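Undergrad: Below, each chain spelled out in residue letters.
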Amino acid sequence: MKSKKETVQVPPFEAVGVIAAQSIGEPGTQMTMRTFHYAGVAEHVPTGLPRLIEIVDAKKEPKKAIIDIYLKSAYSRSRTEAEKVAKEISSVFVSDVATVEDDLEKLLIHIAYDEKDAKPQGITFNMLKKAMEQFSENPKIDGTTITINPAKEKTKETKTKTKTKKDKEDKKSKFTAKQVRRLTSKIRGAIVRGVPGVFKAVVIKGDEYFIRAGGFNIIGALEHPAVDPKRIYTNNIQELERVYGIEAARNSIVRETKDVLDMQGLYVDIRHIMLISDAMTYCGKIKSIGRHGLSGEKVGVLGRAAFEETIKHLINACAFAEEEKLIGVTENIIVGQTVPVGTGKIKLVMKTKKK
Amino acid sequence: MVKKKKPEKTSIFLNGRLVGTHPDGKSLANRLRERRRMNELSSQVNIYYNRRLNELHILTDKGRVRRPYIVVEEGKSRLSPGVLARVKNNELSWNHLIKMGIIEYLDAQEEENSFVAISEDEITPEHTHLEVDPSNIFGVVAGILPYPEHNSSPRITMACAMAKQSLGIYTTNFAQRYDTRAYIMYYPQEPMVRTRLYKSLNMREKAAGQNCIVALTSYHGYNMADAIVVNRSSIDRGLHRVAMFKKYETEERMYPGGQKDTIELPTPEVVGYRGEEAYKHLAEDGIIIPESEVDGKQVLVGKTSPPRFLEEISVFGAVEEKKRESSLSLKSGEVGKVDSVMVTEGPSGNRLVKVRMRAIKTPEIGDKLASRHGQKGVIGLRVAQEDMPFTKSGITPDLIVNPHAIPSRMTAGHLLETMGGKAGALGGMLMDATAFSGNTEEQFKAILKKNGFDEYGEEVLYDGLTGRKITTKLFIGNIYYQRLHHMVSNKMHVRSRGPVQLLTHQPTEGRAREGGLRFGEMERDCLIGYGASMLIRERLLEESDKTTMNVCTDSGCIATPDYTQNKNYCRLSQSDNSEPVEMSYAFKLLLDEIQSLCIFPRIVLKDKS
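Order-wise, the sequence lines are chains A and B.
When you line the first sequence up against my numbering, it's residues 1 to 355, in that order.
When you line the second sequence up against my numbering, it's residues 356 to 964, in that order.
Keep in mind that the hints were calculated from the coordinates and are not lab data.
Bear in mind that the values here come from a model prediction, so they are computed numbers and not experimental data.
Beta carbons: idealized from backbone N, C-alpha and C, even for Gly.
Incorrect hints may appear among the rest.
[As the list claims (entries may be wrong)] Now the stretches of chain B that chain A is said to cover, found in silico as 3 or more residues with beta-carbon under 8 Å:
id, stretch
1, 547-560
2, 871-884
[Unchecked claim] Below, computed lysine to aspartate or glutamate pairings styled on DMTMM-like, alpha-carbon distance capped at 20 Å:
id, chain 1, residue 1, chain 2, residue 2
3, A, 312, B, 395
4, B, 943, B, 880
5, A, 345, B, 947
6, A, 60, A, 278
7, A, 353, B, 962
8, A, 287, A, 114
[To be verified] Partial list, derived from the structure: chain B residues whose beta carbon lies under 8 Å from chain A:
id, residue
9, 432
10, 434
11, 436
12, 438
13, 889
14, 891
15, 892
16, 901
17, 952
18, 954
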């Protein structure tokens, strides 16, 4: 009896890559027809073909980055504990808890603490005050309103600079309304509490309670003591690679691709996906599939020229006197030879004696 | 969105141009409309009030699509029974009704201000208009389809598309016309079951189909998957017979230098003479004789052209003019008779000859037929009448359609039309199948019953092959079928060998050029996936553009053959050391093109290991 292993094994010279590409490409054509026609669902995490393209193209950031934060066992059991952590991680902007207005006449910025908005998020006035310290060393406080005079702050800053003998008059007029505006919007976007780059954390119950948040700052999230660093996950493959290394990235490519296909109810053997993610990551960094990645790094000039940007490749090959060794499949088809795959790779090893 | 504050006063626009303001646009619109209905304003003026922007548009310009409605006031149609009676007595015409303000035309803009009731009994005080007839919601093409309200909407769309492909008599002056391609049906019929619009459009003058006896059953599997079994004897009697007309034309072109083509019978001296056989139907003037039967690549109009390049002056000092053959010949694979010939003058004043070819296309296996319900199919088998099933009265169907075509497509209209056709044939009348108001199933049932038929249209049939009674009653009736202009004889195509392209030496593409079928990139990928490299080689090299080139072993270029010395000589290395190498011609071309980019590709040869 043949062992199971033998029947499952890939025969020598099988064109594994082509089969893998076709196996993923074929359901891809079916997805085109479906995903674009989801009516009514606006601003969703991209699924289906758009997401698949994102993965395969190795985009720097996914359209909607999601972080799944698992907690250490002390926190993951109760909802209240988890929610507390979620609140601490999720970033709150100044504009969420206060109304920021600029007075362009007097060149002042008023930040009015809004209790109604801030209380449910657990932000106190003191926290806001603390957050404002980065903009102003001695802000004026009037009840629940903080007033910053950027002109004053600026002079302090420039004091150190003005040692290089600059006009005093110039300094004063330097601070324009435009700059006040700019500072105002900067203040609005400042973070009062939480991890920068992590928003809208929600507690979800799976086998345990965990936090799902939007954003891309896993390192920031990891700094929180309640977070289990071994189980944090994000769909941002590039960030995962930066933080946890290439192996993690490979696994996440497999996982993300599989998720997309599963969601559509399509079945693709996981080994095809694994092969593709291996091809994308084997060199130690994430390579996209296409002109700028995998296909652009083929050995043969003709193979590259046949794919995209024909003339660029030919001229470069000329400039560096490249030799086409006819290793790839495309190259051999162009030249008109038997392709070195499957049957074509099999050769008689023993040589007859030369006469 | 930025909220715009509503202006206090209504802006008035005439044909899109601001002309003034008014304190109350809505009432102004109503008053203007009242004036129009009183015939004080032209009936072609449309008024549209936009409440959100507080704008009143008065439109009088051309190019607005408009359609008629009956005016409704205070929940009552202006077309009162009294008026209707006068219309019936021919006292009032359509134009009278417009002048009386009973009917008015609305354009796309004014429609936005209207609330249209589809039938009279659903009118409420809010309604402003009433549809003249509910079937008016259909356009010209869909309005001709019978019983669309009994079919699923995609089938109606398909039926509309197919009605435009049906063959009939597309124009009554077809004998005088030279269309590039035209079809005329031999015996077109008016459908037994038709809509009112069919009558109003006078479609019976341009009928495009025939009433066929159709049985819904299978026939030894020859009508699986939308195939249709056809009674061969019906075809012999002219069922769905069509003549195809095709125009060929050629012109005596002028060339720079005062030279000109001549339409004449080419002589054997002409360069490219095709042999006597090709010209056998031509008269002395070089034009084919009408009604002669032509096939293959025979010449229709003989033509000679001046030489492409000026000839050298011969030894005797006289310029020898060698004419080129440039006759107009029939496309390969086509047959037919010459229907007529016309000699005229072309747009640039040259002599122009048009030849109209005629070929009879009897329905054959693979030709496309369709009913008016999106039920299309191709002929799967032609059966002699004696082998067709027959009823007790001896009727054999013309077509046998598979019952599986019906349930999943929900074309109940198809069945209803069949019943209607049968009832109409028995009762001796045409049936009305207008949407929402045509003759009903009950009426058909009554007629069928009265004539001693099964009220559901089912009949006992006998197997034509064995003579045995078929144990199930079969649905059989009379339904209008159209022949569509997709015919196998115009499409079938094979190639085992044939012409190749000049540039690449690869096989040509397309039926017109006797081409091969493209073995594309994705097909190639599949073979790679199988690892069938020998097959790839065969498809892409051996059966395509294989050539043997002599490659110089010293310089790596392609060597030039020197036939006088029987050697292959390389100009670059000045040597004649070369080896024959098999390659695709496309690759050779690629090397040439790369050289034209000022890149020198070198072929390094190695022994096959």
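Undergrad: Against each hint, give a clear statement of whether it holds in the structure.
TA: Hint check:
1. 547-560: violated (count 0)
2. 871-884: With 5 residues close enough to chain A, the hint holds.
3. A/312 x B/395: 74 Å, violated
4. B/943 x B/880: Violated: residue 943 of chain B and residue 880 of chain B sit about 23 Å apart, past 20 Å.
5. A/345 x B/947: Violated, at roughly 30 Å.
6. A/60 x A/278: Within the cut-off at roughly 18 Å; holds.
7. A/353 x B/962: Within the cut-off at roughly 15 Å; holds.
8. A/287 x A/114: Violated: residue 287 of chain A and residue 114 of chain A sit about 48 Å apart, past 20 Å.
9. 432: Interface hint status for residue 432 of chain B: violated (39 Å vs cutoff 8 Å).
10. 434: 41 Å, violated
11. 436: Violated, about 47 Å.
12. 438: Cβ of residue 438 of chain B sits 47 Å from chain A, so the hint is violated.
13. 889: Holds, about 6 Å.
14. 891: 6 Å, holds
15. 892: Holds - the Cβ of residue 892 of chain B comes within 8 Å of chain A, reaching about 5 Å at its closest.
16. 901: 7 Å, holds
17. 952: Since chain A brings a Cβ to about 6 Å from residue 952 of chain B, closer than 8 Å, the hint holds.
18. 954: Holds: closest Cβ of chain A sits about 4 Å from residue 954 of chain B, inside 8 Å.
When held up to the earlier numbered hints, the structure conflicts with 1, 3, 4, 5, 8, 9, 10, 11, 12 and fits the remainder.
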